[in-house]
Amino acid sequence: MEMLKVGDKAPDFVAVDQNEKTVKLSDFAGKKLVVFFYPKASTPGCTVEACNLRDNYQTFLAQNYEVVGVSADSVKRQSNFANKQELPFSLLADEDKKVIEAFGVWGPKKFMGKEYDGIHRTTFVIDENGIIIEVIAKVKTKEHTAQILK
Numbered sequence: 002m003e004m005l006k007v008g009d010k011a012p013d014f015v016a017v018d019q020n021e022k023t024v025k026l027s028d029f030a031g032k033k034l035v036v037f038f039y040p041k042a043s044t045p046g047c048t049v050e051a052c053n054l055r056d057n058y059q060t061f062l063a064q065n066y067e068v069v070g071v072s073a074d075s076v077k078r079q080s081n082f083a084n085k086q087e088l089p090f091s092l093l094a095d096e097d098k099k100v101i102e103a104f105g106v107w108g109p110k111k112f113m114g115k116e117y118d119g120i121h122r123t124t125f126v127i128d129e130n131g132i133i134i135e136v137i138a139k140v141k142t143k144e145h146t147a148q149i150l151k
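Every position in the sequence shown, counted from 1, becomes a number in the numbering used here once 1 is added.
Any given hint might turn out to be false.
Result set (DSS-like, lysine-lysine): computed pairs, CA atoms no more than 27 Å apart in a straight line [stated by the list, open to error]:
{"id": "1", "residue 1": "LYS41", "residue 2": "LYS99"}
{"id": "2", "residue 1": "LYS77", "residue 2": "LYS98"}
{"id": "3", "residue 1": "LYS111", "residue 2": "LYS25"}
Simulated from the structure, these hints should not be mistaken for laboratory data.
Using the sequences and the hints given, assemble the complete structure.
Written as structure tokens, this is what we have:
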């Protein structure tokens, strides 16, 4: 599947977060939503990215944004990550990759000369009506908030 692009309607996803709470797109109607996909909870790059968003979370809320992270990790792994890093937003445990595949961020990757399938670190900004208004494919983990709120 191809990655979703600006102008596309966001998929009406449903998944459980680190607290085993069901989270769906319609929960965020009337707000802007930042959905960031990351390869693996508690790894260095993903931790830097999540903590950058955490440190600026009040700024997001003040501008009518909500933030949701998504990876293929288990609820337990997401819970450990959220608790250790004190993350104030939902982390979806998308073990069956339904949300990941709906946004089109699963596919071939290269790391240290090896090719494998995995999650492409990508962020989607969705407007109040469920339309994708920005896709950030080249995520700068240390400056991610600035990329989103530029």
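Which of the numbered hints above does this structure break? 3
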